[in-house]
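Listed here are the chains, written in short residue letters.
Protein chains: 2
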Amino acid sequence: MKTIKIALDAAGGDYAPHEMVKGAIKAVQELGVEVVLVGRKNVLRKLMEKSPIKSGISVIDAKQVIDFNEHPIRSLQNKPNSSIVIGINLLKSGSASAFVSAGNTGAVVASSLLTLGKANGISRPAIGCFLDVLTSRPALLVDAGANSDCRPEHLLEFARMGSLYSKYILKIPFPRVGLLSNGMEEGKGNRLTQDTFQLLKEAKDITFIGNIEGYDITRKTADVVVTDGFTGNIVLKTIEGSNDNFLSSMRELGHVFSSVSRLKTRDLLRDIGLGSWTKKLDFSEYGGACLLGINGVIIIAHGRSKARAIKNAIGLAKETVERGITEKVKEEKYEQTSGN
Amino acid sequence: MKTIKIALDAAGGDYAPHEMVKGAIKAVQELGVEVVLVGRKNVLRKLMEKSPIKSGISVIDAKQVIDFNEHPIRSLQNKPNSSIVIGINLLKSGSASAFVSAGNTGAVVASSLLTLGKANGISRPAIGCFLDVLTSRPALLVDAGANSDCRPEHLLEFARMGSLYSKYILKIPFPRVGLLSNGMEEGKGNRLTQDTFQLLKEAKDITFIGNIEGYDITRKTADVVVTDGFTGNIVLKTIEGSNDNFLSSMRELGHVFSSVSRLKTRDLLRDIGLGSWTKKLDFSEYGGACLLGINGVIIIAHGRSKARAIKNAIGLAKETVERGITEKVKEEKYEQTSGN
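Protein chains in written order, with this note's numbering: chain B, 7 to 346; chain S, 7 to 346.
The reader is advised that the hints may include incorrect statements.
A pair holds if it fits inside one copy or across any two, identical chains being indistinguishable in the list.
Said to hold, decoys possible - Okay, derived cross-link-like pairs now, DSSO-like style, lysine-lysine, Cα gap no bigger than 27 Å in a straight line:
| no. | residue 1 | residue 2 |
| --- | --- | --- |
| 1 | K194 | K85 |
| 2 | K60 | K194 |
| 3 | K124 | K194 |
| 4 | K11 | K124 |
| 5 | K32 | K11 |
| 6 | K207 | K226 |
| 7 | K85 | K56 |
| 8 | K124 | K52 |
| 9 | K336 | K210 |
No wet-lab data here; the hints were simulated from the structure.
Source: prediction; values computed, not measured.
Model the full assembly from the supplied sequences, consistent with the hints where possible.
Pasting the structure below:
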């Protein structure tokens, strides 16, 4: 089997380029992939001098960097030599099978749309993000932020793409689709979700379980949580804020108890089975979100990603390529379109 | 000073009527208020037989109960003798100064609107809910669920009412108003928040600090978090779900460490200053949310409220009456209207 080659935006994210390079090295060592670092060649070459591995990583020069607060479309026009533009072009030319970036999400989405195009039959690509929950099969939130204003038919697409992704990545045969709303009953919600409810109820290719509420997210009532990108983004960041608070207090608590019991925090947490749990609340274990509905595999990593998160994002990219999700979305949509 | 009389829906909520009666007794004992229990007279009289206090609590008969899943408007029409309808009528007739309910929120909102009416100049009453955060001055979320579909001018009203409430209840002279969005920058958001941003920026009677994101909520960046009732309700319940998970694991962790260190969980948590913190994550410490923009004081308690939460909700009702928030909203709106 041919080694999968993954392009990594080495210039995007809070800890670029150092942690990107470290993450790439980890990925090559642990996941058996090849990584193409896209960023300032001289800087990356210098960082690679200290690398324990001599093969599996290459460098492609990208002289420009798109910052976090830049306007997506304008930044693409102004910076044709940015790591995002050059990295996504590697997919277009077939030089890489996936692109991973912790940089400006809007620019990654816009550049993917412009360069790779939408998958057949998809009108609105969306971000599918695994949520930190307490089970081994995390819920997938779609859309986590690509589309601020949506129509019901877009949410139906999100439900379909999310179901496919959940099915092939998490191996859930019939993922339960829940529509995020402000009440369980069919009549509850805003105009968007009320109209979407009817479409989801009639769709034969998904397993719709009805409306779900905010607290259902962490209770893992649904495998796929469908919502517009505005609400999805706010929910995601609200959970992140809560988890951050929680994790820091757990560490604090652990330190105090360690001093009482003379055990190490990590050992204590592990002994009572909470080690894996705090791990699950840590976004870096997931590594990234997938841009669904694009002709190519694009993984959006968290802006605060360090080496481990980057390695995990590359792992998600590898899985997504191996399971041929992009092709499956195309096929599925084709069947559906021809069926109408 | 005349004792404040508060009507309590003794039939609404998961733990009615037992915990309602217990909460009322606590409130009379600790807060120096009078409580009117509204519910099935015979049942309440029986429960009151065991009461340690003989004055300060009275009973008003209400033979019907509106369930959680009933349609708000229809339930009001079908059940004119429900505890919600009768309780709110006590405000109308001047027999009580506030009404507290852990029952069907939609029915409480609808009945308040029909019976008491909107405050002068307010087009959309909204639910203002204090969020469990780590500081002594919790952020106020408006709207926490009364209005699923909103226009920008409604969100401006929420910002104004929230500022007033925050100012008089929490004594914050110039509450910082943040608009909940999916990005910090002015251009970010959906159509609703983009248009609202302009209105809030121009409003002279509030202290607008711009967009805030999901994780800013727990970081306490803003004193008043403005959003539509659909998003607000989802955010509130998402936080509740996270906190529930967290609290149960803290208890679990506490038990394990207690067995190691032979100290009580509560003592341990208190010793390291986390007791007050877990308390702050517990919705029952807040007790309730206020329905803003209504001609009367209506406090909506959590459906899962037990005695302590009910006592705290009655406390919030007392504070709201004492500080004359309803009158202040009227005055404020009058000034604003005449100024145009």
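Find the hints from earlier in the document that the structure breaks and name them by number, from lowest to highest.
Failing hints, ascending: 2, 7, 8.
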